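Protein chains in written order, with the numbering used here: chain A, 56 to 437; chain B, 56 to 437.
The set of hints was computed from the structure by calculation and includes no laboratory data.
Values in this document were obtained by computation on a predicted structure and should not be read as measured data.
Treat the hints with care, as some may be off.
Pairs count within a copy or across copies, as identical chains cannot be separated in the list.
Distance condition first, Cα-Cα at most 30 Å in a straight line; then the derived DSSO-like pairs of lysine-lysine [to be verified]: (1) Lys273 / Lys388; (2) Lys286 / Lys388; (3) Lys348 / Lys271; (4) Lys286 / Lys390; (5) Lys323 / Lys286; (6) Lys422 / Lys390; (7) Lys271 / Lys159; (8) Lys323 / Lys273; (9) Lys348 / Lys286; (10) Lys271 / Lys390; (11) Lys388 / Lys422; (12) Lys159 / Lys348.
Chain by chain, the residues run as shown.
2 protein chains.
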Amino acid sequence: MTTNRLLLGPGPSPVDQRVLRALSEPLLGHLDPEFLRIMDEIQELLRYVFETRNRLTIPISGTGSAGMEASLVNLLEPGDAAVVGIAGVFGERMVDIVERSGAKPVAVRADWGRPIDLSLIEEAVANSHPAVLAIVHAETSTGVLQELEGLADLAHRHGALLVVDAVTSLGGHPVGVDAMGIDVCYSGTQKCLGCPPGLSPITFSDRAMERIHARKQKVQSWYLDVSMVEKYWGADRTYHHTAPVSMNYALREALRMIREEGLEPRWKRHERNHRGFVAGIEAMGLEMFVSRKNRLWSLNSVRVPEGIDEARVRVRLLERHGIEIGGGLGPLKGKIWRVGLMGSGSTRENVLLVLEALRESLEFEGKVCPSGVSAAERVYFP
Amino acid sequence: MTTNRLLLGPGPSPVDQRVLRALSEPLLGHLDPEFLRIMDEIQELLRYVFETRNRLTIPISGTGSAGMEASLVNLLEPGDAAVVGIAGVFGERMVDIVERSGAKPVAVRADWGRPIDLSLIEEAVANSHPAVLAIVHAETSTGVLQELEGLADLAHRHGALLVVDAVTSLGGHPVGVDAMGIDVCYSGTQKCLGCPPGLSPITFSDRAMERIHARKQKVQSWYLDVSMVEKYWGADRTYHHTAPVSMNYALREALRMIREEGLEPRWKRHERNHRGFVAGIEAMGLEMFVSRKNRLWSLNSVRVPEGIDEARVRVRLLERHGIEIGGGLGPLKGKIWRVGLMGSGSTRENVLLVLEALRESLEFEGKVCPSGVSAAERVYFP
Chain A
56 MTTNRLLLGP GPSPVDQRVL RALSEPLLGH LDPEFLRIMD EIQELLRYVF
106 ETRNRLTIPI SGTGSAGMEA SLVNLLEPGD AAVVGIAGVF GERMVDIVER
156 SGAKPVAVRA DWGRPIDLSL IEEAVANSHP AVLAIVHAET STGVLQELEG
206 LADLAHRHGA LLVVDAVTSL GGHPVGVDAM GIDVCYSGTQ KCLGCPPGLS
256 PITFSDRAME RIHARKQKVQ SWYLDVSMVE KYWGADRTYH HTAPVSMNYA
306 LREALRMIRE EGLEPRWKRH ERNHRGFVAG IEAMGLEMFV SRKNRLWSLN
356 SVRVPEGIDE ARVRVRLLER HGIEIGGGLG PLKGKIWRVG LMGSGSTREN
406 VLLVLEALRE SLEFEGKVCP SGVSAAERVY FP
Chain B
56 MTTNRLLLGP GPSPVDQRVL RALSEPLLGH LDPEFLRIMD EIQELLRYVF
106 ETRNRLTIPI SGTGSAGMEA SLVNLLEPGD AAVVGIAGVF GERMVDIVER
156 SGAKPVAVRA DWGRPIDLSL IEEAVANSHP AVLAIVHAET STGVLQELEG
206 LADLAHRHGA LLVVDAVTSL GGHPVGVDAM GIDVCYSGTQ KCLGCPPGLS
256 PITFSDRAME RIHARKQKVQ SWYLDVSMVE KYWGADRTYH HTAPVSMNYA
306 LREALRMIRE EGLEPRWKRH ERNHRGFVAG IEAMGLEMFV SRKNRLWSLN
356 SVRVPEGIDE ARVRVRLLER HGIEIGGGLG PLKGKIWRVG LMGSGSTREN
406 VLLVLEALRE SLEFEGKVCP SGVSAAERVY FP
């Protein structure tokens, strides 16, 4: 039996019992008519969550990074340019994948912790005639939300397709694939969707599918070639690879829970718990890393106070309080904590628990803070 | 609640309750010390099952086809030659992946249903100076076991690495990675390992790792780049992608069950049930598709008798008897049934059940056969 942890890091997020029970249902074959109906239901539910009518809206059989790779390698051909926004680990990862595909990345950078300036993106797109404009909506390494308004128009005006990484936003923040004009959007199951890691929901616009069907050469990855995968998920039902049956059960159940809650109430829940957390953090005399208007609700980055060894605090949170939070990556190592309030982990109880546990752990390290609990409570019971 | 099916097709195979329960354990973070210990145990257990001391012996975060792609794209660079044995769907798939990697496939073919001739492989290797010799040990599309003796010597003599697809043999047939001199061997969890689909166990010899570390250019796939993945599974514990936590729980439990049973008794069980099945099939007046000495124990292909619509029989097996078996693929469509006796599905009870259900379903189609049950029983109680 594994130890019970409260998962308030950058993901995986806590998984509801309903979803865990679905995981352990007896297996159906991946071509069983009953499983094919489950696949149809998953596609329908994913369209609801992505807010899209795109036909090809499916889970890729890998984690969020497989979705990132699938989105880029299916659209890009050698020699293409791709403008990529970078302000954290996941933008960097996109550039690495673009390079491996033989395409030419054009990086548009912002400091880690800030969103990328639209005018810089505009300049890069106008100058490089890219096949793809790729950007991270919710940068898990920093806690920054990148606004998407205007990006699709910009991309389409220059003949590019817009790829959006919504790994840490889908199900917790509005993404609105059709309304935003996104061509390819992917996510991971283990963040705001409240499912274990292992699948990457992805959706392709008709424009993206036209591009894929008109490719001059085959997609470099056989496993992630959506022109083949779509035949299994579509009317043909042609065998491609064996679907991860149990993970698809779990995803269906997690998506059903989202539909029951409703997207809008779910976003509001993520927003409210984020506000409660921030109020508590500030009442404790701590500081958020990202400025107010660019903050993710799902991933809260907190500056580590001067003189505190952040790793020791995380060890105490885990060992004494059973709570997992994340540390900083790359240039932010040692400088921030990352507190995820995602999916079924985004609750008032968890906000209060993590605030109090953080206070106790800082006190143990010799830094006495006021409690953040009553400031947080004022958000819930104003 | 999903319908209970007896999965006797080409996979997924039936999954034991212990493994299903493990799937639904509460989640740990992918960098939690407790999860890192689970990863260590999985690597140790995989070494046992692969019969290897290879350091890099891990599950790839995708299905068996992801393992196939990982093995080829990590070893091959553009312009390399790769000799590939083809006698079924999975050999063809290897060629497709080799081409996508920019390498040059040299195909050595056999008729579907027969093993590939060693002398033809020898000729191809001697003529093409390949970087890789790749072969399918257990061809799931035909039910043929390809002998591995002599292949490693041949490959190594010519400076090539030996890649073996053991998707449908590992855990059901001896594979013996170190004894056979295999450089890269991969499998899938949903066949003889008795775990749901979603992971692909893979192992790399030191020779293979040297080749990978000396690559001139990056592996084309970021997700499957084992020079990065090994840092997460090794001492560094560097984050690469979020491990599919729940699937790893299930794999650990399935591997523990294999260690408890013992490899040798497990192979013997697969062999005995295969023999029981064949005895029954022949007593019914039906014919196996593959000649006696080349048959897989895990995947039994049976010729469809003249005048029988094989798909109707499969529908009746599924709907009336709750048993899934597979049909033929490609040139074998309509010509064979594929009956999997894999992992925890390989039991005397299942052999008797499927023989009797097949008899009833053929009778329903107007073909009256003798029962195969007593002939099968003579294998179990001679």
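Taking the hints in turn, this is what the structure says about them:
no., hint, in the structure
1, Lys273 / Lys388, "between (39 Å within a copy, 26 Å between copies)"
2, Lys286 / Lys388, "between (44 Å within a copy, 18 Å between copies)"
3, Lys348 / Lys271, "neither (43 Å within a copy, 45 Å between copies)"
4, Lys286 / Lys390, "between (47 Å within a copy, 23 Å between copies)"
5, Lys323 / Lys286, "neither (37 Å within a copy, 39 Å between copies)"
6, Lys422 / Lys390, "within (16 Å within a copy, 75 Å between copies)"
7, Lys271 / Lys159, "both (17 Å within a copy, 19 Å between copies)"
8, Lys323 / Lys273, "neither (43 Å within a copy, 43 Å between copies)"
9, Lys348 / Lys286, "neither (42 Å within a copy, 37 Å between copies)"
10, Lys271 / Lys390, "neither (46 Å within a copy, 36 Å between copies)"
11, Lys388 / Lys422, "within (20 Å within a copy, 71 Å between copies)"
12, Lys159 / Lys348, "neither (32 Å within a copy, 53 Å between copies)"
When held up to the earlier numbered hints, the structure conflicts with 3, 5, 8, 9, 10, 12 and fits the remainder.
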